[in-house]
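Participant: What follows is the residue order along each chain.
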Amino acid sequence: MTEKFRTTQGTRVDRSNVINFTFNGKNYTGAKGDTLASALVANGVHLVGRSFKTHRPRGILTAGSEEPNAIIQLETGPRSEPNVRATQIELYEGLTAKSVNCWPSVNFDLAAVNSVASRIFVAGFYYKTFMDPKSMWMTVYEPIIRRMAGLGVLPREKDPDTYDHMNEFCEVMVVGAGPAGLSAALEAGRTGARVVLCDEQPEFGGSLLNTKQIIDGKPAQEWVDTAIAELESMDNVRLLKRANAFGYYDHNYITVHERRTDHFGPGAKPGLSKHRIWHFRAKQVVLATGSHERPLVFADNDRPGIMLANAGQAYANRYGALPGRRGVIFTNNDSAYSVAIDLVDAGMDIPTIIDLREIVDGDLPNAARQKGIEVLTGSGIVATLGRKRVTGVEVATVSSDGSKITGSKRKIDCDTILTSGGWNPAVHLFSQSIGKLRYDEEKICFVPNISSQNERTVGACKGSFDLQSALDEGAAAGAAAAMDTGFGKGKAKASPKALVVEEKAIKAYWVVPTDHPVGQGKRKHYVDYQHDVTAADIMLAAREGMHSVEHMKRYTTTGMATDQGKLSNVNGLAILSSQLEKDIPKVGTTTFRPPYTPVNFGALAGRGINGDLADPVRRTSMYGWHLENGATFEPVGQWQRAWYYPKAGEDMDAAVARETAALRDGVGILDASTLGKIDIQGKDAAQFLNLVYTNAWLKLPVGSCRYGFMLKEDGMVFDDGVTSRLGENHFHMTTTTGGAAGVLDWLEEYLQTEWPDLEVYCTSVTEEWSTLSIGGPKARQLLEELAPEMDFSNEAFPFMTWREGEVAGVPARVFRISFTGDLSYEINVRNWHGLHLWKKCMELGEKYDITPYGTETMHVLRAEKGFVIIGQETDGTQTPQDLGMDWIVAKKKGDFIGRRSFTREDTARENRKQLVGLVTENPKEVLEEGAQLTYERVNPTPAPMVGHVTSSYWSPNLGHSIAMALVKDGHNRMGQWIYAHDRGKVTKVKIVSPVFYDPKGERRDG
Amino acid sequence: MLYIKCPWCGERDETEYHYGGEAHIVRPENPDELTDAEWAEYVFMRTNTKGVHRERWVHSDGCRRWFNVARNTVTNEIVSVYKTGEKPDLPEAVTTKPAPAKKAAAKKAPVKKKEGA
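Residue numbers (the working numbering), protein chains in the order written: chain A, 55 to 1060; chain G, -19 to 97.
Just chain A, with the same shape it has in the complex (with noise of 0.2 Å):
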């Protein structure tokens, strides 16, 4: 195919360079530096789309990445990606890409017939339609909704590309290289301040490259080629092309997402990473990031063949892609006549401009009526013709309130429709860094107002629309924001003078009339383009109560589409406000959030893309012995723990039962090493822990072990663990293992901010020791084995004290502490020989069978005896007595955290909710955790709810399920039956003590 509607204007294409891309199927050629828009548009090629409810065809609206309607499928298989722009994809040899959100094809739609039914897909639709009955919800509506709202496919293979991140610092930012920009970045740069430039686009330049301006009397690319040399000289500028500035968070945080191979084709740079997310922590930052075109609001406003204007003056000046053989223009400002002027240029017809405004006098406009083009004034398009390309319009006068048509209507032949409704300045970052938008009646438009960071905005951003604003502002801002950082004096080189032409005001017009009132008929007036939305889905909204602008758009869906409502915003807010008569700024704007444009999953995982390097995996010194002998593992936090060890043919059930016994009758072993452990030092360390736990530890003796709750200041458990004395004024405490980092800080925090005086330091040591748990009948018989210096008689090392000596060679520490009610040794060494003693011990062990287990084992075996897991058993909102445990709080010791909550009104009534044993009258039932309870079986509506299970298992050694709950007056009611509920299944349960197994703790000493 030839591309027909290819020129010899375009400046930015190299012609002589061939690129053969499919598009829906069919083959066609580009050039090189064409988009995959600029090219279909050279071919001919508008309809690129249907919409998202109605599947009406759309066209390519846009020539940038505010476009909403040229959205597609790029490539197939596994890198194939969903949703891109066209406008944004730049042409390379085979590129590959479909129409989304269209079947069989987008020339004929089967769900177009939504089109036909289009008055029920009203604003609210769905919360309308999808309603009642509740049953319907998953089974039908759902599925219905999911189906019609796709847009593109995810690729269901493994992404094979690699992605990656940077961190830098920089002293100056500049977003955007328009002219503004690139003067910002030159001033800035020249102080040799560290620079970073970023741009969207694959060349700087911005407007420049679309429009034909003229610069100190020379056209303006030969200012922009100077200033990238420029730039380029300099070695403390960064320049970043294809880098899409998405995020702008606090205190000059900005992200940035750089598609560094995109442009070669999938799979081209196999050593480059295809994305980049870049993270700049800037001192200073200019916003530069240019303006938006607002496309007016008339009846059909949506054919293929409509387009933004300066779209129109970007395929044609930029590209060499005519958009029509004839167009008619369609404004209410002075900036489309210099659209119309280049397009009569590059030879296309057109015929006729309609301005909305009833006087037109400026130089623009008077210069294109010098080009022989019609311009009729006050007039507006009241309807247009045509299907999947727009055919003519119907134009007239029209009233200058909106409210009607006014003249006759008169019909004009054309094939292309470039329409402009003035200039939103694209203030999305300002607006991420929370800085404050003022409503400039005069340009009818959302423009920066209070900054709340080290920011400056220069250029159209600013709403100084004039390119000679734009070089001053931005030289202006770049020099100020060296200096701020210390480089430079502040004062800009004087600016490149440009060649401005002044233009009149525009005119604020929001709705165009039609033959009928808006909404009334077939005719649609479309403000956003992707989601369907229509001025009279605004209207209906308005009438309907939505009167607040986030209210209005949410229930229109109004800016939620993947445009994120660049071009619909303001045009929706204006209609609202004219339906409820009042000011813009008086319903005020929504508030823009990251990130500008989408932004690829596998950018933001960075090198994490396959999970493996998503988060840190903490793994103790005997995980490489667990994974060899076919552990299961269970994260914890950031740790990987031994969760069970089957054996052949075993399921976690089977393990279980096994472990479990060969710790009652034998031996098991441990992996305990994740414990949190901090080292307390320092002539008050007694006295402090003395303030942190609940117990009394100045009289511990050294060489003993003592268990201890921490709470917080309102009297609730926040964790728990033994800590041991080593010496007077030396303290080894152990906490649980996802606690490990907050006990530390809030230890520190006391330490600090209120008892300053106190002499303790504390260390984490959590990975400096492994931790082997060996419990078990035999386990005294392997320690002496182990350690035959040692004695490990009851009476030499009773339960409760810790025994320094030298274990399988090794130096260690021996704590007799126990967490399953057996006889049981907690084994510390340096982590270095973690892996020393856990050989050893399973090598000597293995005349005693000795068994691994893990944390599963270790929860059954816990429970059986009613010992809590903190974050399990409690929530944060248990004191110890809910627990049963008033025997660990000091009654005569002082003061401690949390104490004085005791006597509280809320911490001491009688029937809070209290740790209890539960067990099912049929005792094979396993109770589900989490499940609720209630006294009674059958309840009134809402249920009075009087608790839960928090744990819950089979007990394999004693034959039956046991569960721990949190009851209400559960101490009082001991022997009570209730019920427990589980997703319509009621369990008749036994209120009895949590202690399960050996109550009377004759097992410990073996």
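One or more of the hints may lead you astray.
Stated by the list, open to error - Computed footprint of chain A on chain G, listed as stretches where at least three residues anywhere in the stretch have a Cβ under 8 Å from a Cβ of chain A:
hint, region
1, -19 to -8
2, 37 to 47
3, 53 to 62
4, 65 to 71
Don't read these hints as lab results, they were simulated from the structure.
Where is the CB? At the ideal position from N, CA and C, for every residue including glycine.
Chain A is already provided as a structure; the job is to place chain G on it using the hints.
Facilitator: This is chain G only, laid out in the frame that chain A set:
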């Protein structure tokens, strides 16, 4: 993500720190002498400042020091960072600088003065 200047280590990303709530709330010396209401005031009650708020942070992944930050809760601007035990006056210009959104609201919520660490 905030960028916080630890008084000991210098500027670091927020991810290295943990937030510790409102600063300059001192634990009563004799909790037993307080009424329930007075104790609740210490344990539960915090200001909800719109404007400059003095708060505690800890450099968990660095020097593990607790310190104080005066931060504008509207803009997240950090106007002062100081060590535990200090309580410098904030520049007049900072404390009276209106929150951009509503000028009146910022005036109504002055920085709560509390004595102590």
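Participant: All the hints need checking, so say for each whether the structure fits it.
Facilitator: Going through the hints against the structure:
With 3 residues having a beta carbon nearer than 8 Å to a beta carbon of chain A, the region -19 to -8 of chain G meets the requirement of three or more and the stated coverage holds. Counting residues of the region 37 to 47 of chain G whose C-beta lies closer than 8 Å to any C-beta of chain A gives 5; at least three are required, and the coverage claim holds. Evaluation of the coverage hint for the region 53 to 62 of chain G: fulfilled, as 5 residues show C-beta separations to chain A shorter than 8 Å, against a requirement of three. Remark: the region 65 to 71 of chain G is not confirmed as covered by chain A, as 1 of its residues place a Cβ nearer than 8 Å to a Cβ of that chain, below the required three.
In this structure, only the earlier hint numbered 4 is contradicted, and the remaining ones agree with it.
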